[in-house]
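S.K.: If you want the building blocks of each chain, they are given just below.
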Amino acid sequence: MKAGPIGTLIKKDLILLFRNKALGIMPHVFLVLLIVIYFIMPSKVNEGLKLAVYGSAIPQILIDEMAEEGVELVYMNSEEELNQGVDDGDFIMGIVIPSDLLHRISSGERPEVKAVFGSTTLPAMKKAELKFVEQIVFVLQGEPLNIHTEEQILGPDMTGRQIPMRDRLIPIFALFIILMEIMGVAILIVEEHERGTLSALLVTSMSMGSLLTAKAITGIGLAFLQAVLILAATGILISNPLILLTGLLLGSMLVAGLGFLVATLGRDIMTVIAWSVVVLLILFMPAFNILLPGVMSNWVNVIPSHYLTDLMHRAVHFDARWTELWKNCVILLIIDLGFLALGSFALRRKLA
Amino acid sequence: MSASRILTILGKDLVHSPKSFHFIQAVITPLLCTLMVYMLFGSVLSGKPSIGFVFDGETEISDLIQKLEFLRFSEYESIDTLKAAVLSGKLDLGVSIPTGFDQDVRKGGPAYLKSYIWGESLMKDRAVIFAGLSDVLVELAGKEVRVDVKTITLGNGESKPIGQRFLPLLVLLAIMMSGLLIPASAIVDEKQRQTLTAVTVTPASFEEVVVAKSLLGFIMSFVMGVLILVLNNSFGANPGLLFLTLAMAAAFASAFGALAGVLLKSLIGLTNFGKSLILIIYGPGILSLFPRIPQWIAKVFPTYYIFNPVLEVTQNNAGLTDIGIELIILAILIMTLTVIVFFVGKHKKLQIA
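So the sequence lines, in the order shown, correspond to chains L and G.
Going by this note's numbering, the first sequence opens with residue 1, and the numbers climb by one from there.
Going by this note's numbering, the second sequence opens with residue 1, and the numbers climb by one from there.
Certain hints may be false.
[To be verified] For each label pair, taking beta carbons as the anchor points, the in silico distance ranges come out as:
#1 L:E65 with G:L227: 46 to 56 Å
#2 L:A352 with G:G47: 48 to 58 Å
#3 G:D56 with L:P156: 38 to 48 Å
Worth flagging that the hints you see were computed from the coordinates, not collected in a lab.
No residue lacks a Cβ here, since even glycine has one placed at the ideal position from N, Cα and C.
The whole structure should be built from the sequences, with the hints applied where relevant.
M.R.: Pasting the structure below:
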C-alpha cells in the first residue's frame, strides 16, 4: 500500500465533492444553520416555579420549605399588580388569599381563595398548580400530617445546574453529522462502481487495499472535521477536549466500516440511500436517551453508537474523565476495527 | 401545451411513481411522524412528571394518585426495579409505601415512607409531584382543605397541549415532502435514465412533462395534507378555507419541487438538496415549538406563509380576513416560483435538445 496513490485519490474525491454544489456546499450550509440554531435557543433552564401571592401572610417556614422544593412565593402589593404579573408571564399563577382566612375557617366558613392563571397555562398544569394553593391553605389551617419521608437522590444531583436543551442537542447533532457520512462513504464507492471508474482505477498500480483506505480516510476525515467544527463553534469542545476528540475520531471510524457494509448491500445509489437510512435510524436510537432520559429500554445499550453518545454526554455534561470513559473508548475501538474488517472483506468480495 | 398529453403523462406517473423510493418516503415519513407524535405526546413528551410506586400492602393511594391527571403513574414490583427506573430517568420520583401505611395515616401518624428522587429531574417537576402527593395524603387522612378555590384565567385564549401544537408542523411536513420530492425525483429520474430526451422527441414538450410532474406533486401534496388532518381530526371551524390553504400550499410545494427537478442533475443531488433545506423548510414549525424564541424570525421563511395559515385555521378558527395577507404573500410566492420554473425550464430544455 503506497501513500502516493491514496493521497491522490483522496484529493480527487474532495475536489469532485466540492465541485458538486449539492454534495459539497449544502451540507456545510446545514452545519452553519445548526450552529445558528444553537445560539438562538435558550441557554438556561427555568427550573423553578414562581407564584405571586396577595393577601394573607404566609409563614416564613412554609415559604422556605416551598423554596427548597423549587416553588418561589413572591408577595404583591395589590391584586392588580398580581394580575399584571401573571398576564405578563412573570408568574405561573397568582394566589389571592383573604387576609382573614384563618378567622373565617375557624368560624366554620369556607372562604374563597382565587387562583389566577395566564391564558397560556395548559388545563393539566392548572390542575397541578391548584394543588399548590391547597397545600398552602392546608398548612395555614395548622393541621400538619404526621408523615415522615426518607429521601434519597439517585444519580448526580443536577439541582441548580440543569443541562439546557441546546447543550443536550449538540452531541446529538455531532452524532447525526457523523452518521450521515455512512451514506457519504457508501455513495463514494457505489458511484465509482456504477460509472466504471472503479475498475479503471484497479487496472492502474492502485491496489484494492489502497482504494479502500483512501475511501475510508475521506469518509472519516469529513465526518470527524464536521463534528469537531460543530462542537468547537458552540464552545462545547472546551470541556474535556481530548476525550471528545478521541470519541469523535472513534465514531468517525465506525462510519468507514459501516459505509463499506452498506456499499456492499446496495446495488445502486438509491438502494444505498435506503439502507443507509435504516442503519442511521438504528444507530441514532441511543441519542433519544439523552434527549428524553428513560424513553428507551436498556436493550438500546447494545447498539454501537451508545458508547459514543454516552461518552460525549458524560464528558460534556458530567465532566467524566478517562478513568470513567476508557471502557467506552476500548469498546468503540474494537467495534470500529470489527466493522472495518468485515466491511473491507465484504467489499473486496463484491468488487473482485 | 396540450391538456390531453399532460393528463397522459400524469396517468403514467400515477401508475409508476408509487414504486419509487422518494414517493414512498414522501408518503410514509409524515404518517410515521404522526404516529410517533401521537405515541410520544401521550406519554413521555406530555410534559407531565412521572411517579412510580412500590406497594407493600393494600392501600388506597394507587386509586387516589391515578385520579391526578397531571402526573404519569406507574407501579413496580420491587424496590430494585423502582430505583432502576428512577436512575434511568423514566421516573422523576419513586415512592415505597410500607404495609399498614393507610391505617397509620388515618390514626394521625406517625407514618413513614421512602422516596427516591431522580437527580436530573427539574425542581418544578418535583414540586408538582410533591403537591399532588400531599393532596393524596390529605385525602387519605380524611382531612380537607376548607376553602373554595375560584379559578380565574386572564386573556381569552386557551392553551393547546404540546402534542396538538405539532399538528401544523406535521401538515407542513406532509405537504412539503410530497410536493418537493415527488415532482423533483420524477423529473430527475427521467433525466438520469434519459427517458426525458425520448419523451421530448414525441409531440409531448418539456414544459408539458414538467407540468404533469408538478400536477402529480400537487395532487399528492394536497392529499397528504388532508390525510394528516383527517388522522388528527382537526379541520377547525372553517374547512373550506382550510382546503383553499392546503391547495395553495400544495401549489407552492410542487412548484418548488418542479424547480428542484429542473435544476438538479441526479437523485443523490436531490437527496442532499432536501437534506440541506430541512431547516429552511421546516424552520417556522420548529420555531413555534420554542415560544421563547422571537417568533418574528419565522416570517423570514417562505414556508411560514403555509404554516401559519394552517395553524390559525385549525387551532384558532381564523377566517379569511385573519390570514388574508399571508395567503396573498403565498400566492405571490407561487407565481414567482412558477415564472422562475418557466424561464429556467426553457434554458434547460435547450440543453437537453
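S.K.: What are the numbers of the hints the structure violates, in ascending order?
M.R.: Per hint list: single violation, 3.
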